[in-house]
Each structure stands twice: as C-alpha cells, then as structure tokens.
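Engineer: These are the residues of each chain, in order.
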Amino acid sequence: MEVLSNNNLYCSAALAGLFNVFDPEIGLNVVDLGLIYRIDFNDNDKTIVVTMTLTTQFCPMGESITADVQQAVSSAFKDYQVSISLVFDPAWSPELISPEGQKFLDR
Amino acid sequence: MFAASSDSGLQQTTSYRVVLPFYIFAAISFLVACILLLINTDSVHLHYFHPHTLAITHLMALGWGTMIILGASHQLLPVLIEGKLASYPLAYLSFILASLGIPLLVTGFYLFDTGLILQSGAILVNASVICYFLNVITSIGDSKKYTVHAWFMATAALWLFSTTFFGLILVFNFSRIWLPENSIEYLSVHAHMGLAGWFLLLVLGVASRLIPMFLISKYDSPKTLWWIFVLINSGLLGFILLKTFVVDKSFYYAPFTLVFIALLLFIFYCYKAYKIRIRKHVDEQMKISLISVAMLLLPMITLLTVIYFISENSKSNLILLYGFCIFFGWITALIMGMTFKTLPFIVWNKVYHTRAIGKTPTPKELFSEPLFRIMALLYLGGFFLFLGGIISLNDMLLKSGALSLAASAFVYVWNVAITIFHKPAR
Chain A
1 MEVLSNNNLY CSAALAGLFN VFDPEIGLNV VDLGLIYRID FNDNDKTIVV
51 TMTLTTQFCP MGESITADVQ QAVSSAFKDY QVSISLVFDP AWSPELISPE
101 GQKFLDR
Chain B
1 MFAASSDSGL QQTTSYRVVL PFYIFAAISF LVACILLLIN TDSVHLHYFH
51 PHTLAITHLM ALGWGTMIIL GASHQLLPVL IEGKLASYPL AYLSFILASL
101 GIPLLVTGFY LFDTGLILQS GAILVNASVI CYFLNVITSI GDSKKYTVHA
151 WFMATAALWL FSTTFFGLIL VFNFSRIWLP ENSIEYLSVH AHMGLAGWFL
201 LLVLGVASRL IPMFLISKYD SPKTLWWIFV LINSGLLGFI LLKTFVVDKS
251 FYYAPFTLVF IALLLFIFYC YKAYKIRIRK HVDEQMKISL ISVAMLLLPM
301 ITLLTVIYFI SENSKSNLIL LYGFCIFFGW ITALIMGMTF KTLPFIVWNK
351 VYHTRAIGKT PTPKELFSEP LFRIMALLYL GGFFLFLGGI ISLNDMLLKS
401 GALSLAASAF VYVWNVAITI FHKPAR
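For the protein sequence lines, the chains are A and B, in the order given. Counting in our numbering, the final residue of the first sequence is number 107, and the numbers go up one at a time with none missing. Counting in our numbering, the final residue of the second sequence is number 426, and the numbers go up one at a time with none missing.
Hints were generated in silico from the structure; no laboratory data involved. Don't be surprised by glycine CBs; every beta carbon is placed ideally from N, CA and C. Hints may be right or wrong, so weigh each one.
[As the list claims (entries may be wrong)] Reference listing, derived: stretches of chain B covered by chain A, where coverage requires no fewer than 3 residues with Cβ under 8 Å from a Cβ of chain A: (1) 78–85; (2) 207–219; (3) 275–289; (4) 339–349.
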C-alpha cells in the first residue's frame, strides 16, 4: 500500500528509517506489512504525525512497535516532534502487504 | 479517511507478573508428573482407580494442563474478548490458591489420604477456580463484546467450576457417603466435564483465534465456531443426562457423535485457515500445535472402543489408554507448541517493550530451537512407546516410553528457564 503524505520528499526519508522497524513475530518491516497509512509534516511548528495501524488492536507487541516507529522517524528528523496516531478504521488486512512483503512471506 | 481512536487506541495486555507464575508451576508439574509416571509404570497393569494413577492424572490435568491454560488465558483474554482483564488481584489469588491446593490434592491421592490433605486441596482448588471464573465473567461483562470466543471462554470457565465442584463432592464422598453410589461410579461424568467442557471448549475457542492469527490467514467463520460450541455442549449435557437417567449404554454413541462432528468441523476450520495462509513458512511450534489437533482423533477412537466394549471387564487398560492419549497426547502436544509461541512474547514484552529501535532479538530467538526439536522428538518417541506399552502391557515399552517422556519434560523445563531468564545482550 502506498503511504500518503503532504511532503513526498520528507516522506521518503521517514520511510527509509521505518524500513528498519520490524514486526517481531512476522519478521517483516512495518512499511511492507502495510501498517503505515500516512505521514504528515508541519514545518511551521516542527511536528510530524504518523498515522498507522496494527495487525490487531489487541496486538501484544503494539506498544513496542509504535515506540519503534516513533523513534525511527525521530532519528531521521531530529528537530521535529513526532507523534503517533493509531487508527483501526480502516482495519489492517493482508491485502495491505506490499508485493515485496508478500515475496518475503512466500519464502 | 482515517478514524482516530478516542484513547491511545492500544489495548493493554495483561502483565507478565500475572502470567509467568502459572507457566513456571505448570512446567514443574509436568516434570514431576513424568517422573511419577516413570516410577509407577506398573500401575498400568492395575485398575485405573489406583491412587498413583489418580495422582498422576490430577497432576497432569490441574498442575500441567489447567495451570498453563489459566496462565495463557489470562494473557490472551484481551485478544479473545476484545477487552481487558478485570482484576489482577483475583488472578494472583487464583494462582496462590491453586499452587497450594494442587500439591495437597495430588499428595492426598498418591498417599490415598482421603481426609484432611485431599479435602483441603480440593477446597483450595475450588476457591482458585471461583476467582478465575469471576475474573472471566467480569472481564467479558466489562468489554460488552459477546463474541463466539467470549462464549467459549465463559462456558469453559463454568464447566471448569462444575468439574472441580463435583470433584469436591466426590472427595468428601470418600469419607462420608453423600451420593447414592460409590465415587468411582461418577468418575466418567467428572472426567468428561473437565475434558470436553473445560479443556476441549477452551482450547478450541483459543486455538480458533490463534491459529489463523499466527498463520496470518484471512479465514474466519463464526458460524462454524458456533456449531462447534453447540455440538460440544449438547454432547456433554447429553452424556451427563444419559449417565444419570439411562441404563442402556448403547445411547452413548449419540453424545460421542456430536462431539466427533464438532472435532471434524474444527479440523476443517484449521485446514481452511492453513490453506489460505499468507505466511507460507510454518514454524516448529505451529507444526506441533497442528499435529496436536490431529492427535485429538486418537482418544476419540479409543473412546469409541471403550463404548463398544463397555460391558467387558477387561476395559481398564483401554480407559488408561484413553486418558493417556488425552493428557500426554493431545493436551501435552498442544501445550508444548503453544508455550514457545506465547511465552517468548510475554518475556520479550517484559524485557524489550521499553527499548525502542535497535538491535533486539525477535521473540523466537528467546528460546533454543535445537532444544525444542530435541524435546519434540523425545516427546513423540516417548508418547508412542508408552502407547504401545499400554496396549501390549509390555514393561520394556512402558519404561522406555516413560523415560523418553521424562527426558522431554526435562528439556521442556530447561527451555522454559532459558526463555524466562533471558537477559538482553550488553
């Protein structure tokens, strides 16, 4: 799934960091898993909002994955305040897995 | 486009402090039960109502099966009922009461001291189960989501209480006659309340959620699960009514058929989930859990034989075979697989949840996979050797099977210890 953003250049930099954040059970990064829906940048107040989901609202690793996402984006944008907006509507479904992710799971 | 949650959106999982004691107690119980089996293999030649057999059975049913399922269900309750655990103090109390009650109960059976030891053990176990039952019911009530999984959990907890309460009556019936007949006459009702009502219902309810989740499968069929739920409960209630009011044993085929159809439906459910899984690689823990589903058929075949030969006097070792296939077969295989699927998550969350990005191991790296394979081989070898020993009444097979099972239990405890005492690399 394509990650939506109001700044495609910044978004690429954020995604580069997010490719290193993995779902510990599945072993796939959160971008290819389709957990990241949107990343919005606000240059005026130096804030970034990552809109994301989890495979299930009751994911036992949820706290850890969101913390990792926040830290990955913060590392790429040191002057910005990063916040996570966790949403479950629309809910995650396997169709959101990217073709690269699917290849990884096919192994 | 994206609907924000009213709160953080993240459902709190149950603390590891609640769950780990149950896992530790269960692991030790399994090892002790296997050692008792090894030093009491001659009990197989005797009637199944033998103190040592009763002690091993209750240690396997309560100390091993029930304790680990209680621990896992406290952890998985939020996933299954889409809410959170209502009370931590009740969960702690449930553990404390059970961990005091089970050793007393098992010792009472082993020494066949039907007085204070056995009675106090049974009372404590019942008190523990009441705490668990109240916690499950309150959690479901608070979540207000009455899904099929929630019904499985609540009904299984109710059957557990029915089993232990009936067990308590049977224990007191040893020293003072409360019931019209001897306690031995009620054993099959007591046992099947626990086996079908508690273990089967809870395991199927939990597995129907976890198996598709771990396989990353889109398959979901609440209608099938409702049918399974109704069939098992009808079968069990039918059996209790038949046992109470009908003398003709040929009627027992009816409840057997209902439960058997439920099992076939569940196997079909697992097959569908497996078939359309997104993740192609199936790990060792999932494999042994899926094998355990197929292993359910073994006790069913044995039960069918028991019903067929029910008028024969020589059915004692068939009943032992049936019990062995359930406790050392289906339940043990399932627990062995699921322990190393759930425990590493619990420990990983304990050790790494505050450590954001960086070099962190994955949960499956928290236990030893080679040890897991050794354990699985020792277990499968031991199970089939002992099974052959019960059928042929061959001491050599019984001893070597029990030895292999004890070795697998030792490796299991070792691997559980590796996981629980995991420390992050400096």
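Engineer: Go check the segment 207–219 of chain B versus chain A for me, would you? Three or more residues, Cβ under 8 Å, otherwise it fails.
Structural biologist: holds (count 4)
Engineer: Against chain A, does the segment 339–349 of chain B show at least 3 residues with beta-carbon separation below 8 Å?
Structural biologist: Our answer is that it holds, as 4 residues pass the Cβ test (under 8 Å) against chain A, meeting three.
Engineer: Does the segment 78–85 of chain B contain three or more residues whose Cβ lies closer than 8 Å to a Cβ of chain A?
Structural biologist: Holds: 3 residues of the segment 78–85 of chain B have a Cβ under 8 Å from chain A.
Engineer: Count the residues of the segment 275–289 of chain B whose Cβ falls closer than 8 Å to any Cβ of chain A, and tell me whether that reaches three.
Structural biologist: holds (count 4)
When each numbered hint is compared with the structure, no violation occurs for any of them.
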